[in-house]
Structures are given as structure tokens and as C-alpha cells.
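Enquirer: Sequence:
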Amino acid sequence: MHGEYKVPGGKLVVVDLDIVDDRLSNVRIAGDFFLEPDDALDAINAAIEGLPAESDSSRIAAAVRAALPEGATLLGFSPEAVGVVVRRALTNAADWRDFDWEIVDSGAISPRMHLALDEVLTAEVGEGHRGPTLRIWEWNESAVVIGSFQSVKNEVDLENAERYGFDVVRRISGGGAMMMGSGNVITYSLYVPAELVQGMTFADSYAFLDEWVLQALQSLGIDATYQGLNDITSPAGKIGGAAQKRLGSGAVLHHVTMSYDIDGELMTKVLRIGREKMSDKGTKSAAKRVDPLKSQTGLSRAEIIERMLQSFRSLTGAREGHITEAEFAAAEQLAESKFASDAWLHRVP
Numbered sequence: 013m014h015g016e017y018k019v020p021g022g023k024l025v026v027v028d029l030d031i032v033d034d035r036l037s038n039v040r041i042a043g044d045f046f047l048e049p050d051d052a053l054d055a056i057n058a059a060i061e062g063l064p065a066e067s068d069s070s071r072i073a074a075a076v077r078a079a080l081p082e083g084a085t086l087l088g089f090s091p092e093a094v095g096v097v098v099r100r101a102l103t104n105a106a107d108w109r110d111f112d113w114e115i116v117d118s119g120a121i122s123p124r125m126h127l128a129l130d131e132v133l134t135a136e137v138g139e140g141h142r143g144p145t146l147r148i149w150e151w152n153e154s155a156v157v158i159g160s161f162q163s164v165k166n167e168v169d170l171e172n173a174e175r176y177g178f179d180v181v182r183r184i185s186g187g188g189a190m191m192m193g194s195g196n197v198i199t200y201s202l203y204v205p206a207e208l209v210q211g212m213t214f215a216d217s218y219a220f221l222d223e224w225v226l227q228a229l230q231s232l233g234i235d236a237t238y239q240g241l242n243d244i245t246s247p248a249g250k251i252g253g254a255a256q257k258r259l260g261s262g263a264v265l266h267h268v269t270m271s272y273d274i275d276g277e278l279m280t281k282v283l284r285i286g287r288e289k290m291s292d293k294g295t296k297s298a299a300k301r302v303d304p305l306k307s308q309t310g311l312s313r314a315e316i317i318e319r320m321l322q323s324f325r326s327l328t329g330a331r332e333g334h335i336t337e338a339e340f341a342a343a344e345q346l347a348e349s350k351f352a353s354d355a356w357l358h359r360v361p
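Every letter in the sequence shown is one number past the one before it in my numbering, and letter 280, counting from 1, is 292.
Just so you know, the hints here were simulated from the structure itself, not pulled from any lab data.
Remember, predicted model here, so these are calculated numbers, not experimental data.
Accuracy of the hints is not assured; some may be wrong.
[Unchecked claim] Derived lysine-lysine pairs resembling DSS-like cross-links, with alpha carbons at most 25 Å apart:
{"hint": "1", "residue 1": "257", "residue 2": "18"}
{"hint": "2", "residue 1": "165", "residue 2": "281"}
{"hint": "3", "residue 1": "257", "residue 2": "165"}
{"hint": "4", "residue 1": "281", "residue 2": "306"}
{"hint": "5", "residue 1": "250", "residue 2": "18"}
{"hint": "6", "residue 1": "350", "residue 2": "257"}
Start from the sequences and build out the full structure, keeping to the hints where you can.
Expert: Laid out in C-alpha cells, this is it:
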């Protein structure tokens with residue numbers, strides 16, 4: 013069995029192994045990482061050798077960590093990365109280039125249609141009706157998009173949202189509220205089969221699916237990194253955040269919103285950003301917490317998106333695709349029946 017895992021922001025870790033009598037055997041870890049002393053690699057292989065084949069990534073990582081010689085230095089990878097790559101080998105996980113990727117353009121549509129397309133296209137991937145897909149959002153309306161489990165009244169000042177022209181909608185993924193002014197953010201959605209993130213924890217999958225974006229931002233001179241579960245950040249401040257929804261059909265929706273030119277003061281009027289939420293962010297002001305891409309690059313929104321697409325094509329070999337008439341029709345029906353309904357918006361009052 014063979015597995016590969018590119019550590020987000022780090023190095024490639026590779027494993028070859030066999031299963032003998034339901035135990036891991038002939039384990040050989042390799043990669044372009046750095047490791048001192050040399051014989052620490054033998055210790056890593058020996059730690060994995062003989063483990064039960066059903067061992068999860070945490071158990072494998074713990075065994076590796078316990079076996080490392082005192083003072084061992086791992087650069088570009090970690091025991092947790094070894095655990096991930098072994099699980100990916102055991103589950104026959106796929107890599108980006110194993111799929112025929114499409115980049116689709118839905119044009120400027122309403123926030124509700126964006127949310128409906130996310131659900132429809134994810135389901136299409138899960139059912140095998142379309143291949144993995146990247147979609148960049150465009151819209152001519154402003155909206156506050158709240159997470160699936162958030163309370164409307166706790167997150168949004170509805171009076172101010174209406175006053176400043178923000179529609180309020182709820183998405184199917186968890187996470188926090190996003191204030192999406194027209195032309196002021198960069199949002200994209202990935203619709204991927206679960207095989208791509210097989211063997212990873214939820215936390216690992218977030219950074220893995222956004223590594224290409226970090227590379228694009230770094231090529232523009234932004235020291236972008238992943239922080240916590242789902243934040244993309246830089247020394248100058250937070251850039252954006254990710255959210256996921258996994259469908260029973262075996263597909264993953266992963267979408268990200270990054271601030272391009274956010275009005276921080278307006279955000280504090282429209283969103284109810286409490287002191288408790290800000291207390292672990294190292295800042296007293298929500299207006300200072302989000303640092304737009306515009307101020308860090310001096311580039312237009314379109315130029316940043318084009319650099320992102322270049323990075324994605326380089327990673328995946330993606331070609332230009334399209335959303336079918338049937339997919340649009342299904343999204344229009346869902347936008348009206350679900351995402352425009354008070355029952356969905358206020359399912360958590």
C-alpha cells in the first residue's frame with residue numbers, strides 16, 4: 013500500500029507498507045522533510061511496525077512520538093502527519109491529480125442562489141454526476157451569511173442589516189457569520205469526493221483543501237498561514253475563514269470567504285460581534301481583526317482571483333467547465349423552497 017500527504021505549509025510525507033495478519037508490516041516512511049538524527053527515521057518505522065491495521069491517525073502519531081529519540085528534530089512534518097499519511101495509505105485515499113477537475117462560473121447571482129448551488133453541486137459530486145469542482149462566487153447584492161447552527165438574533169442586528177442593504181441568509185455549513193458586501197470579499201466553493209480527504213481529521217482537511225490558496229497569497233507577498241481550525245491569517249490580521257459540510261452521499265462542501273475591502277466599522281454595526289468571541293483573538297476591536305487583501309497587495313479583486321486560479325490549475329490540471337441547465341433549475345427551486353423560507357432562516361431563532 014502507498015500513501016502520500018503534503019503537509020499544509022510543510023513537506024511531503026510518503027509511506028509504503030503491507031498488512032500481514034491485520035497488522036502493519038514492512039513500513040517505510042519517506043519524504044522531502046528534514047529529520048535529525050538520521051536514525052530517528054528507523055525509530056519512526058519501528059514504532060508503526062506491528063500496529064493493528066485499524067489504528068486511527070491519533071494512535072499512530074502517539075506511537076511515533078513516544079518512539080522518537082530524545083532531542084529529535086522534525087522539520088516540515090510531525091508525528092500527526094505520519095499518522096495521516098498511514099491512514100491515507102490504508103484507506104486508498106486519492107490525490108488532487110486523480111480527478112478530472114472543473115472550474116465553473118455561475119455569473120452574478122443572488123446570495124440564496126449561491127447557497128442553493130452549493131448544496132446542489134455537492135450532491136451532484138456525491139452521486140457521481142459531476143467531477144470535483146471549484147466555483148468562484150460573484151454577486152450584485154450584499155448579504156450576511158450565517159452558519160447552519162447560529163442564532164439569527166444573537167449574530168445579526170436585523171434592523172441595521174436592513175438599513176445598510178444586507179439580506180440575511182443561512183448556509184448549510186457550520187461556522188460563523190460572514191458579512192459579504194458586493195465586491196468586497198472573495199468567496200469560493202470546492203465540491204470534492206470524500207476520497208480526497210480520506211484518512212484526515214476534519215481539522216487536517218481544512219488546511220489541506222486550502223493549501224493552494226495559501227500558496228497563491230504567498231506568491232503575492234502575503235505571509236498567509238492557517239490558524240486554528242478554519243482561519244486564514246497573516247501577521248497583519250485575519251484574512252478569512254472556511255466552513256465545511258459533509259453529505260451522506262460521500263461528498264464534501266468546502267467554502268471560504270476572504271476579505272478584500274471590508275468596512276470594519278460597518279461590520280460591527282451589522283454583526284453582533286461580542287466581547288467573548290473577540291477575547292481569544294488578541295484584539296479589542298472587530299474592525300481591526302479583519303485585514304483586507306486590498307491593503308496587503310494593492311491589487312484588484314480580479315487580479316487576486318486570477319492568481320488563485322493559476323495556483324489551482326497548477327495543482328489540479330483543472331479545465332473550464334459549466335453548470336448545467338438542470339443544476340441551475342434545481343438550485344432555483346431550492347433557493348425558493350428552502351433558502352428563502354423563514355423556517356430555514358429562523359430554524360435557530
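Enquirer: For a C-alpha distance cap of 25 Å, please report whether residue 257 and residue 18 respect it.
Expert: holds (23 Å)
Enquirer: Below or equal to 25 Å on CA atoms is what counts here, so check residue 257 against residue 165.
Expert: holds (23 Å)
Enquirer: Taking 25 Å as the top limit, are the C-alpha atoms of residue 250 and residue 18 close enough?
Expert: At roughly 24 Å apart (the allowed maximum being 25 Å), residue 18 and residue 250 satisfy the hint.
Enquirer: Assess, step by step, whether the Cα of residue 281 is no farther than 25 Å from the Cα of residue 306, and give holds or violated.
Expert: holds (22 Å)
Enquirer: Against the 25 Å threshold, does the CA-CA distance of residue 350 and residue 257 hold or violate the hint?
Expert: holds (17 Å)
Enquirer: Residue 165 and residue 281: Cα distance at most 25 Å?
Expert: Holds: residue 165 and residue 281 sit about 13 Å apart, inside 25 Å.
Consistency with the previously given hints is maintained throughout, with no hint failing.
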